[in-house]
Amino acid sequence: MSYIVDRRLNGKNKSTVNRQRFLQRYRSHIKKAVSEAVSNRSITDLESGESVSIPKRDIGEPTFRHGSGGKRTIVHPGNKEFVSGDRIARPPQGSGGGAGGGEASNSGEGMDEFVFQITQEEFLEFLFDDLELPNLVKRQLAGLESFKLVRAGVVSEGTPNKINIIRSLRQATGRRIALTAASRRRLKAYENEYEALLDTDEILRDKQRVLLLEKEINMAKRFFILLYLFLQRNYEKIEVVFIRHHTSAKEVDEQEFFYSRETGGTIVSSALKMTDKIIKDRFSPQEWNIYVAQASDGDNWNDDSPICRKILTQHILPVVQYYAYVEINPRRHQALWREYESIQQEYGDYFAMQQISDPTEIYPVFRELFQRKSNRSSAA
Amino acid sequence: MNQPDQTAASDVSTRTKRNTPLSTEPEWTFELIEAYDNAIGHIAHDTFELDTYPNQIEIISAEQMMDAYSSVGMPVGYNHWSFGKHFVSVEQNYKRGQMGLAYEIVINSNPCIAYLMEENTMTMQALVIAHACYGHNSFFKGNYLFQTWTDASSIIDYLVFAKNYIRKCEERHGVAEVETVLDSCHALMNYGVDRYKRPYPISAEEEKRRLKEREVYLQQQVNELWRTIPKLHDDEDEASVKCFPEEPQENLLYFIEKHAPLLEPWQREVVRIVRKIAQYFYPQRQTQVMNEGWATFWHYTLLNEMYDRGLVTDGFMLELLQHHTSVILQPSFNKPYYNGINPYALGFNMMSDIRRICENPTPEDKQWFPDWAGSNWLNTLKFAMQSFKDESFIQQFLSPKIMRDFHLFSILDDASQKEYEVLDIHDEHGYHRLRETLSAQYNLSMNEPNIQVYNVNIRGDRSLTLQHIQHKNRPLPRPQYGQQHG
Chain A
1 MSYIVDRRLN
11 GKNKSTVNRQ
21 RFLQRYRSHI
31 KKAVSEAVSN
41 RSITDLESGE
51 SVSIPKRDIG
61 EPTFRHGSGG
71 KRTIVHPGNK
81 EFVSGDRIAR
91 PPQGSGGGAG
101 GGEASNSGEG
111 MDEFVFQITQ
121 EEFLEFLFDD
131 LELPNLVKRQ
141 LAGLESFKLV
151 RAGVVSEGTP
161 NKINIIRSLR
171 QATGRRIALT
181 AASRRRLKAY
191 ENEYEALLDT
201 DEILRDKQRV
211 LLLEKEINMA
221 KRFFILLYLF
231 LQRNYEKIEV
241 VFIRHHTSAK
251 EVDEQEFFYS
261 RETGGTIVSS
271 ALKMTDKIIK
281 DRFSPQEWNI
291 YVAQASDGDN
301 WNDDSPICRK
311 ILTQHILPVV
321 QYYAYVEINP
331 RRHQALWREY
341 ESIQQEYGDY
351 FAMQQISDPT
361 EIYPVFRELF
371 QRKSNRSSAA
Chain B
1 MNQPDQTAAS
11 DVSTRTKRNT
21 PLSTEPEWTF
31 ELIEAYDNAI
41 GHIAHDTFEL
51 DTYPNQIEII
61 SAEQMMDAYS
71 SVGMPVGYNH
81 WSFGKHFVSV
91 EQNYKRGQMG
101 LAYEIVINSN
111 PCIAYLMEEN
121 TMTMQALVIA
131 HACYGHNSFF
141 KGNYLFQTWT
151 DASSIIDYLV
161 FAKNYIRKCE
171 ERHGVAEVET
181 VLDSCHALMN
191 YGVDRYKRPY
201 PISAEEEKRR
211 LKEREVYLQQ
221 QVNELWRTIP
231 KLHDDEDEAS
241 VKCFPEEPQE
251 NLLYFIEKHA
261 PLLEPWQREV
271 VRIVRKIAQY
281 FYPQRQTQVM
291 NEGWATFWHY
301 TLLNEMYDRG
311 LVTDGFMLEL
321 LQHHTSVILQ
331 PSFNKPYYNG
341 INPYALGFNM
351 MSDIRRICEN
361 PTPEDKQWFP
371 DWAGSNWLNT
381 LKFAMQSFKD
391 ESFIQQFLSP
401 KIMRDFHLFS
411 ILDDASQKEY
421 EVLDIHDEHG
431 YHRLRETLSA
441 QYNLSMNEPN
451 IQVYNVNIRG
461 DRSLTLQHIQ
471 HKNRPLPRPQ
481 YGQQHG
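Protein chains in written order, with my numbering: chain A, 1 to 380; chain B, 1 to 486.
Hints are not guaranteed to be accurate.
No farther apart than 35 Å at their CA atoms in a straight line, the calculated lysine-lysine pairs in the DSBU-like style are these [claimed, not checked]:
no.	chain 1	residue 1	chain 2	residue 2
1	B	Lys212	A	Lys71
2	B	Lys418	B	Lys382
3	A	Lys71	B	Lys141
4	B	Lys401	A	Lys80
5	B	Lys95	A	Lys71
6	A	Lys221	A	Lys280
7	A	Lys32	B	Lys418
8	A	Lys56	B	Lys276
9	A	Lys32	B	Lys163
10	A	Lys237	A	Lys310
11	A	Lys80	B	Lys418
12	B	Lys141	B	Lys168
13	B	Lys335	B	Lys95
14	A	Lys273	A	Lys221
15	A	Lys56	B	Lys208
16	B	Lys401	A	Lys56
17	B	Lys163	A	Lys56
18	B	Lys258	B	Lys335
19	A	Lys56	B	Lys168
20	B	Lys472	A	Lys71
21	A	Lys56	B	Lys472
22	B	Lys141	A	Lys32
23	A	Lys32	A	Lys148
24	B	Lys276	B	Lys208
25	A	Lys31	A	Lys71
26	A	Lys31	B	Lys401
27	B	Lys382	B	Lys276
28	B	Lys335	B	Lys208
29	B	Lys472	B	Lys335
30	B	Lys141	B	Lys401
If you're looking for bench data, these hints aren't it; they were derived computationally from the structure. This structure is a prediction, so every number in the text was calculated from the model and none was measured.
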């Protein structure tokens, strides 16, 4: 009289809540591990999780136990040589089970640290924890989001009046062809074509746009990848515009921005002009929260820097929510930095600048720039 | 290990019956599990007269097994970060391949719930059914500690109640608030056990009804105790109020639940829940060797019986024996993977030894166990299972033969001496004292510091004084955990 129950279909993640609570409780440890990981590994390698280690003593749950000391008698198995009255030297502390007390750990490594893996999702969550775009204002309260339904594929069952005749016929033909070995190549081509037909999706309209200026430097790329990930992850409706420049500026796509290798001269104002133009043409400040992040090695033609200042103060800063400038430069600052410093004094709330001289500083600087500031007024 | 050769005699007679084996393939199916369960149950109940709760066999996946693991065997558990920690470490070890999952988890409830992992072969499933559904199950039903201290029919109800109650508390008072109380209770969990009074069984409905009553009533009690309105003759009181509590109290959680003045009613209930669960697990902690030994003995005996009847194949037996021997492996003290005495090994060998002493007693056995050497083995074994806990079981039934087979020896670890001293070994002089020492090793009250509520300063700062009574000069550890838990 036994009942046999198949429980395999029941939820398997009964421990998820407990796991979350555990991560919550040790978030400071995990954050530390995450920020170390970011400085150590290549930024493009964000697809994996990270292993976090927490000292055993921080994670223990207290109980009343006996400490070492006093007298204990212990029974062990496996005696071969001892007779009563023998004296045995104490094994050195922690050297494994041996003749020592039963408590010593014998599995060797890793007993002082509690090590576990967090997933990529959790990794990113901790990475961007407490960060936000400053001065964000709701430009349009409602109605901007509209959906258009588009057929996203074909299902294999349904009423006959919905049948996709062409496709069905093609499939039938394809099947017939497939049965004849000589025509397999043609079938392959058809299949590729069908696949392309299936890819459609919801179309979203968007609210915020971020302009990125870029100077061809590896560290800057890492900074931008971080920023890009952060935006993609934390904000639903964004539009990102990438601008790169040498002597002249160019609007580029994501692929080119992050992976292109060309370099050249440096006229910063060209990029700023381009930015200004794009904002005027496509992003009305009434509708958009506009953020600009600029990274540069600080090299600029000297007589160009005052022009940058002019464009910034007259055209760009009045319409953007926040302008972040990162100078990637282990050496002395040049004219551009000094011009920007004076801007910062005027526009403290909307303009931030930081210097990065070493890859390990990228993440801390990034945090600094986008740290959530609770007391900031939200009026633009 | 050294097994009485009980199969040899029956071999000839039973082979002639030529039963067809239940299965020849390693894959299991629900029909096969049912067939095996029937066959094993038939042998267990009819041939060996084991008394069991009905079984509820649940097939689960490896992930679910990890979940079950981390909730320390509670099929329904409230949420707490420490279970998450446990889960994370189990998951980590399992994924790295450092640890296999337990083949089975069995819950002391009525019906008795046993989890079978879907990854296992048919042989393993049969082993688990015999081990858990008939071994552990009959132990839960028969052993006096379980009979006295736990109530198998109400535990699931109670755990459901506890989970819901704690969830409601979290909704009302916040997760952090509840977590703080639970943290503190967990620290004292081992000191939340009533060792003398029998807790009475009640259903979930009953529990809910009483909850309200209790809240009101308890708060009144406490207010009474801590009343600050001065009485007429204050000076007389000094003398009459001696000490509170009058006798030291060993159940710290119970004491806190009943007497702490500033606990909210829901906090009291949380303390009570942790205390109840500690109480439920208390017998399991006291009968590890016996429980595992009993279950291992029965899976071995039951499946051998099936083999004798021709119900299982040679291949089945080989796979079974391979698992069986690795379960009862006892590494000696100087092996790197030695981790104390293996309760499966000790328990299984003692159980088998009792059968041997009953069936083929040697003169030594007759001298050591005059009462039952040569008696009916099944009755003696059941008597042993029903009436003892690890400590007394070893004291009564550990034979010199087992001590010799295990090469047991005892050492004295005196912190004031530079070296260990070997006290007794498995020889004529040592047997008795060795057995005493080993038995004491399974006495829970020797392993945990003896800490009791000594005094409460009810007139002053309300401080609670705990008293630690040292045993053999063993101190409490120096504080190293205190920082974050306060």
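We went through each hint and held it up to the structure:
| no. | hint | in the structure |
| --- | --- | --- |
| 1 | B:Lys212 / A:Lys71 | violated, 49 Å |
| 2 | B:Lys418 / B:Lys382 | violated, 46 Å |
| 3 | A:Lys71 / B:Lys141 | violated, 38 Å |
| 4 | B:Lys401 / A:Lys80 | holds, 16 Å |
| 5 | B:Lys95 / A:Lys71 | violated, 40 Å |
| 6 | A:Lys221 / A:Lys280 | holds, 27 Å |
| 7 | A:Lys32 / B:Lys418 | violated, 43 Å |
| 8 | A:Lys56 / B:Lys276 | holds, 29 Å |
| 9 | A:Lys32 / B:Lys163 | holds, 33 Å |
| 10 | A:Lys237 / A:Lys310 | holds, 31 Å |
| 11 | A:Lys80 / B:Lys418 | holds, 22 Å |
| 12 | B:Lys141 / B:Lys168 | holds, 34 Å |
| 13 | B:Lys335 / B:Lys95 | holds, 26 Å |
| 14 | A:Lys273 / A:Lys221 | holds, 22 Å |
| 15 | A:Lys56 / B:Lys208 | violated, 39 Å |
| 16 | B:Lys401 / A:Lys56 | violated, 42 Å |
| 17 | B:Lys163 / A:Lys56 | holds, 28 Å |
| 18 | B:Lys258 / B:Lys335 | violated, 49 Å |
| 19 | A:Lys56 / B:Lys168 | holds, 32 Å |
| 20 | B:Lys472 / A:Lys71 | holds, 6 Å |
| 21 | A:Lys56 / B:Lys472 | holds, 29 Å |
| 22 | B:Lys141 / A:Lys32 | violated, 51 Å |
| 23 | A:Lys32 / A:Lys148 | violated, 44 Å |
| 24 | B:Lys276 / B:Lys208 | holds, 15 Å |
| 25 | A:Lys31 / A:Lys71 | violated, 44 Å |
| 26 | A:Lys31 / B:Lys401 | violated, 58 Å |
| 27 | B:Lys382 / B:Lys276 | holds, 29 Å |
| 28 | B:Lys335 / B:Lys208 | violated, 53 Å |
| 29 | B:Lys472 / B:Lys335 | holds, 29 Å |
| 30 | B:Lys141 / B:Lys401 | holds, 30 Å |
Of the hints listed earlier, those the structure fails to meet are numbers 1, 2, 3, 5, 7, 15, 16, 18, 22, 23, 25, 26, 28, in rising order.
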